[in-house]
Amino acid sequence: MTDKKQLLAKYKELPKKILNEIEKNTKELGLRETKKILDNVLKEFKNNKIMPGEAVGTIAAQSIGEPGTQMTMRTFHYAGVAELAVPQGLPRFIEIVDLRRKPKMPLMEIHLNQSIKEDKQKVVDFAEQIEDIPMVEFADVEEDFHEKVVRVTFKEETLVEHGTTLDNAIKKTEKEVRRKAKTTEGNQMIFKPGFTTLASLRRFTERILMTKLCGLKDINKAVVLEEPDGTGYYIKTDGSNLKEILKLKEVDTSRTTTNDIREIYDILGIEAVRSAIIKEAKEVLDTQGLKVNPRHVMLVADVMTYSGTVKPIGRQGVSGSKSSVLARAAFEETVKHLHTASIKGHVDNLTGITENIIVGQPVPIGTGLITLGMKE
Amino acid sequence: MIGTSVYLNGKLLGFHQKPLELVDAIKRKRRKGDMPTDLNVCYYHDLDEVYINTDAGRTRRPLIVVEEGKPKLTKEHIKQIEKDEMTWQDIMEQGPVEYLDAEEEEMSFIAIKEEELTPEHTHMEIHPCLILGAVSGVAPMPDHNSSPRVTMASAMLKQSLGIYQSNFQERMDTQSHLLHYAQKPIAITAQAKIIGVHKRPAGQNVVIAIMPFDGYNMEDAIILNKSSIERGLMRSTFYRTYNAEEVRYPGGQKDRFELPNPEIQGYRGEDAYTYLGEDGICIPECEIKGGDVLVGRTSPPRFLEEVGELSMMEEKRRENSTTMRHREKGTIDSVMVTEAPTGNKLVKVRVRSPKIPEIGDKFASRHGQKGVVGLIVPQHDMPFTEYGVSPDLIMNPHAVPSRMTIGHILEVIGGKANSLRGTEMDATAFEHIDYEGFKKVLEERGFKSDGREILYNGKTGERIEAEIFTGVIYYQKLKHLVSNKIHARSRGPVQILTRQPTEGRAREGGLRFGEMERDTLIGHGASMLLLERLLKESDLVTELVCEKCGSIGVNDLIRKKVYCPICNSTKVDPVEMSYAFKLLLDEMMACGIRPKLVLEDKA
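Going down the list, the protein sequences come from chains V and R. Going by the numbering used here, 89 is the number at position 86 of the first sequence; the sequence numbering is gapless. Going by the numbering used here, 502 is the number at position 224 of the second sequence; the sequence numbering is gapless.
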């Protein structure tokens, strides 16, 4: 056994993960066979390594861009239960790469703790609790312009359905408008705010309609779905509020996620963003049936996140923060870059590709990277 | 109770209690001639609204009015028309035929044939082929072809060469083509007869064999018989007209048509002016080639300052002649001297050049079956039938099944039968094609009824194993001729500003190696190839750069001295760069930015 350990230790070039896997899978094999396997793995590993000077970025851009041109603008609609129209294809991809602050259709996938995930009823109850339901669903709000009063009639069943009570609703409404109702009879409240103009009365009604009785902000709709591995149920929501959702004790914080990449960055940090970008971009490409090597997508995510903050692709982000003045001027906002460079006396060291093409020198990539020196 | 709203040209006119009666009354009045014939009414049941339209822009089409199951257009009418006693206008005014717009058509019940008329019908189609317009109606048997091919056929009809105008000799079109020996097609549609396209035909009837030929008719290419071409098949003439105007400039100066003086600025050399007469205009029937001067013209100098020097008034005129386009040649067909709308003297020169079919010219049948010539074969190498007939054109059979152009096949077989019988073939849309009749004709004349024939290989004399489908079909030469498109460049003119190669065929330009092409070379890491494409084969310059201040140096050839004009240092080194970059540096300096180049030894 120790012999095998020693043998494995000799292959320093191979990453630990691969070595561990080989160790696990060669338990029944003798030393000679293991060595053969290791040699083959090493050969393959070396073969698969990217050569120095390979134009990784260009190839990634082309590999995503070429199938991207074939993407159509057509949008699928979720069939049946979910009924959520998510921007797909190119528009969604642009959203990811541009790091739009609010995606067109924010979505969350809320996974739950073992305690409730298997009980469908409990999951449904939970979903109804987090749903942000507008006041109009709970009550009929009528304005009486003649009497200058507003009548609010609550629907008790709907309140109970979403886990609140009539008392609670009345209290919350009064708190929202900072005024006591003139009369409260059963499920009806009558406000007489004492405004004389109709416009101010209308404004008052709108305040009442703003009252939040239950649920979390921005969670417009929550749908219960079965986990694909059959271990219970999870919730898909229209609208996203990661911060508040993660505070709830029923939620499995390690798996719950949103498609709002900015939100992930704000709450979960840079590493989470990196994986979120990869996951979302891959999902777009997969649903469109495009076969793109995930490494290209990973490179894009790396470029967007390596500095420690997320940067979009484009003049606000990655392209705009290139070190070369000429490369930036060649991309967008030419005059701005040239002028600031002249004011601050920037020096372009001609290390990138674009700069060298502009001045007419071999580009430092592939063949152009290698030079031959002579000993004096 | 308000009733049905009635709209006239989209504006509410009023209300009516009995809309159907109103519509009926209007129609009756229109048919009697009491109301204009270009008025249309429509009642929408679902909206309960009546629309009356008399405005422009509605597409309308004629239909025969039907009442109680009987068409109102009778045999008497037709007899009268034949005797020229009645015109279309009369018929419309009397009511048996009326024009419907899309809205009125919506509430009509239209029969296609007389046999299917019932008392419910309101109208009858004059002929179903009238759903086709002026262009698509000319294409034969569109009801036997797939719709995309019909569309293509209609598009290509407009590109076919023929006799485009009977006064072509008097015309000075910028560009025009004229087909020699144009023929009237064997298969003609009713619309074509009405329009009279066969009076100015655009194509020829050719003998076709549908078979592969040594792979030279792959991908829709066609094979032409060289001997047929030599007999004049698909020959055409290309005319191009050049204009030259004696422009008047502000300040009383003007251009002059003349034989330019050899001392003049920009003189093209004696040879270029060979074909000019004393008036500076070329002589008809001269054979000329690219670069030759058609109209000699001199212009006053561009800048007025140049004039005043030592009373050398008007001496410094510059050459500004109109020349033949590069890489074109031809004969001067006619010269016209007139006056431009501005009142200046205007000369138009029409040059003609013969265009004999060559590899790359585009041809098409009237069924959307287009292709370019892939090979021109001498008759002795062409396949031949037992009677010794060899086809003019060979088309590849792969062009047929996936395109579903049955009309093409029918025209081949119909053309064969009708040319044997010496008759025309009616190819109107939705008319019966007498396929059985064609078969009979072919059989009577000793051909196989399916149109196939035994062919012999022209090169070996061996019998070709398969029977080859042969016949006669109308083919068009399309205006896309290779000789007007062919273009290549190795070295050539460059732009003044950037010193990069010019763009476009007319300027003998290069093909752009664009951004995406650049990316591919970067992707391959082919750095040196990239440098060659973008720099060496484009705008490479060697500029002197000052070691001290980093600005561009000067080479003073008179004093034999290189120096930096900014800091007077003589330490300047030659550096290879793109001229576009040098231009960028200059332009930045013009913006008030001082770029400096820092030099370093290459490793």
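Don't take each hint at face value.
[As the list claims (entries may be wrong)] Within a straight-line C-alpha distance of at most 30 Å, the following computed DSS-like cross-link-like pairs (lysine-lysine) qualify:
| hint | chain 1 | residue 1 | chain 2 | residue 2 |
| --- | --- | --- | --- | --- |
| 1 | V | K325 | R | K567 |
| 2 | V | K347 | R | K391 |
| 3 | R | K860 | V | K347 |
| 4 | R | K826 | V | K347 |
| 5 | V | K347 | R | K763 |
| 6 | R | K391 | R | K305 |
| 7 | R | K874 | V | K339 |
| 8 | V | K250 | V | K285 |
| 9 | R | K826 | V | K339 |
| 10 | V | K378 | R | K826 |
| 11 | R | K826 | V | K325 |
| 12 | V | K105 | V | K158 |
| 13 | R | K860 | V | K378 |
| 14 | V | K105 | V | K378 |
| 15 | R | K462 | R | K567 |
In case anyone wonders, no lab produced these hints; they're calculated from the structure.
> Quick check: which numbered hints come out false for this structure?
Replying inline: 1, 2, 5, 12, 13, 14 and 15
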